[in-house]
Amino acid sequence: MMYGRSKSLQELTLKTNQRYFIGRENQTVSDVLKVIRNKMKGIDPIDFVAISVPAQVEALFQEATDEQTLSKMYMGWLAIW
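If you count by the working numbering, then the sequence shown holds residues -6 to 74, one letter each, in order.
These are calculated hints, taken from the structure and not from any lab test. Mixed in with the good hints there might be a few duds.
Restraint ranges, calculated between C-beta atoms of paired labels, are given here [what the hints assert, rightly or not]: (1) Leu53 <-> Arg30: 13 to 23 Å; (2) Val25 <-> Gln49: 17 to 27 Å; (3) Gln55 <-> Lys34: 15 to 25 Å; (4) Phe41 <-> Tyr67: 31 to 41 Å; (5) Tyr67 <-> Thr21: 34 to 44 Å; (6) Lys65 <-> Pro38: 13 to 23 Å; (7) Arg30 <-> Met68: 34 to 44 Å; (8) Asn31 <-> Gln55: 16 to 26 Å; (9) Ser23 <-> Leu63: 29 to 39 Å; (10) Ile29 <-> Glu56: 15 to 25 Å; (11) Ile39 <-> Thr62: 12 to 22 Å; (12) Asp37 <-> Lys65: 16 to 26 Å; (13) Ser23 <-> Tyr67: 34 to 44 Å; (14) Met33 <-> Phe54: 18 to 28 Å.
In silico SDA-like cross-links for lysine to any residue, where the CA-CA straight-line distance does not exceed 20 Å [unchecked claim]: (15) Lys32 <-> Glu56; (16) Lys32 <-> Val42; (17) Lys34 <-> Val46; (18) Lys32 <-> Ala43; (19) Lys34 <-> Ala48; (20) Lys34 <-> Pro47; (21) Lys32 <-> Phe54; (22) Lys32 <-> Gln20; (23) Lys32 <-> Val46; (24) Lys34 <-> Val22; (25) Lys32 <-> Pro47; (26) Lys27 <-> Gln49; (27) Lys65 <-> Leu53; (28) Lys65 <-> Gln55; (29) Lys65 <-> Phe54; (30) Lys32 <-> Ala48; (31) Lys32 <-> Val50; (32) Lys34 <-> Gln49; (33) Lys32 <-> Gln49; (34) Lys34 <-> Glu56; (35) Lys32 <-> Ala57; (36) Lys34 <-> Ser23; (37) Lys34 <-> Asp24; (38) Lys34 <-> Val50; (39) Lys32 <-> Ser45.
All residues carry an ideal CB built from backbone N, CA and C; glycine is no exception.
With the sequences and hints as input, model every part of the structure.
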């Protein structure tokens, strides 16, 4: 009985990891740290160009006020009623 539970837990963990890490299976720790360093320096992940602080702030405001992003955060906007 316990074997079945642990096996299903392992399968659930594997499915969860696959969902969150699609395309990132072969990344090393140094690759992940490089991404974090680039974010801290304000380097755009698409074209690897440094972005000015005002441009970063503007991009964050646009993302934070985007209706699609907001709708994912607020359960009351779901069409379940």
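Verification of the supplied hints:
1. Leu53 <-> Arg30: 13 to 23 Å: holds (19 Å)
2. Val25 <-> Gln49: 17 to 27 Å: Once the Cβ atoms are compared, 21 Å apart, the range 17 to 27 Å for glutamine 49 and valine 25 holds.
3. Gln55 <-> Lys34: 15 to 25 Å: Distance hint for glutamine 55, lysine 34 holds at roughly 21 Å.
4. Phe41 <-> Tyr67: 31 to 41 Å: holds (34 Å)
5. Tyr67 <-> Thr21: 34 to 44 Å: With a Cβ separation near 37 Å, tyrosine 67 and threonine 21 satisfy 34 to 44 Å, so the hint holds.
6. Lys65 <-> Pro38: 13 to 23 Å: About 20 Å separates the Cβ atoms of lysine 65 and proline 38, which means 13 to 23 Å holds.
7. Arg30 <-> Met68: 34 to 44 Å: holds (35 Å)
8. Asn31 <-> Gln55: 16 to 26 Å: holds (20 Å)
9. Ser23 <-> Leu63: 29 to 39 Å: At 35 Å between Cβs, range holds.
10. Ile29 <-> Glu56: 15 to 25 Å: Hint holds: Cβ distance 18 Å, inside 15 to 25 Å.
11. Ile39 <-> Thr62: 12 to 22 Å: holds (18 Å)
12. Asp37 <-> Lys65: 16 to 26 Å: Because 23 Å falls inside the window, the suggested range holds.
13. Ser23 <-> Tyr67: 34 to 44 Å: Taking Cβ atoms as reference, serine 23 and tyrosine 67 lie about 37 Å apart, which means the hint holds.
14. Met33 <-> Phe54: 18 to 28 Å: Distance hint for methionine 33, phenylalanine 54 holds at roughly 19 Å.
15. Lys32 <-> Glu56: Holds, at roughly 16 Å.
16. Lys32 <-> Val42: holds (11 Å)
17. Lys34 <-> Val46: holds (10 Å)
18. Lys32 <-> Ala43: Satisfied, since the Cα-Cα distance of roughly 10 Å is no more than 20 Å.
19. Lys34 <-> Ala48: holds (13 Å)
20. Lys34 <-> Pro47: Measuring from Cα to Cα gives roughly 13 Å; hence the hint holds.
21. Lys32 <-> Phe54: With a Cα-Cα distance of about 16 Å, the restraint between lysine 32 and phenylalanine 54 holds, given a limit of 20 Å.
22. Lys32 <-> Gln20: holds (17 Å)
23. Lys32 <-> Val46: Cα-Cα ~12 Å, so holds.
24. Lys34 <-> Val22: holds (18 Å)
25. Lys32 <-> Pro47: holds (15 Å)
26. Lys27 <-> Gln49: Within the cut-off at roughly 19 Å; holds.
27. Lys65 <-> Leu53: holds (16 Å)
28. Lys65 <-> Gln55: holds (15 Å)
29. Lys65 <-> Phe54: This hinted pair holds, its Cα atoms lying about 16 Å apart.
30. Lys32 <-> Ala48: holds (14 Å)
31. Lys32 <-> Val50: This hinted pair holds, its Cα atoms lying about 13 Å apart.
32. Lys34 <-> Gln49: With Cα atoms ~11 Å apart, lysine 34 and glutamine 49 stay inside 20 Å; holds.
33. Lys32 <-> Gln49: Between lysine 32 and glutamine 49 the Cα gap is close to 10 Å, so the pair holds against 20 Å.
34. Lys34 <-> Glu56: holds (19 Å)
35. Lys32 <-> Ala57: Since the Cα atoms of lysine 32 and alanine 57 sit roughly 17 Å apart, the hinted pair holds (cutoff 20 Å).
36. Lys34 <-> Ser23: Holds, at about 16 Å.
37. Lys34 <-> Asp24: This hinted pair holds, its Cα atoms lying about 15 Å apart.
38. Lys34 <-> Val50: holds (13 Å)
39. Lys32 <-> Ser45: holds (12 Å)
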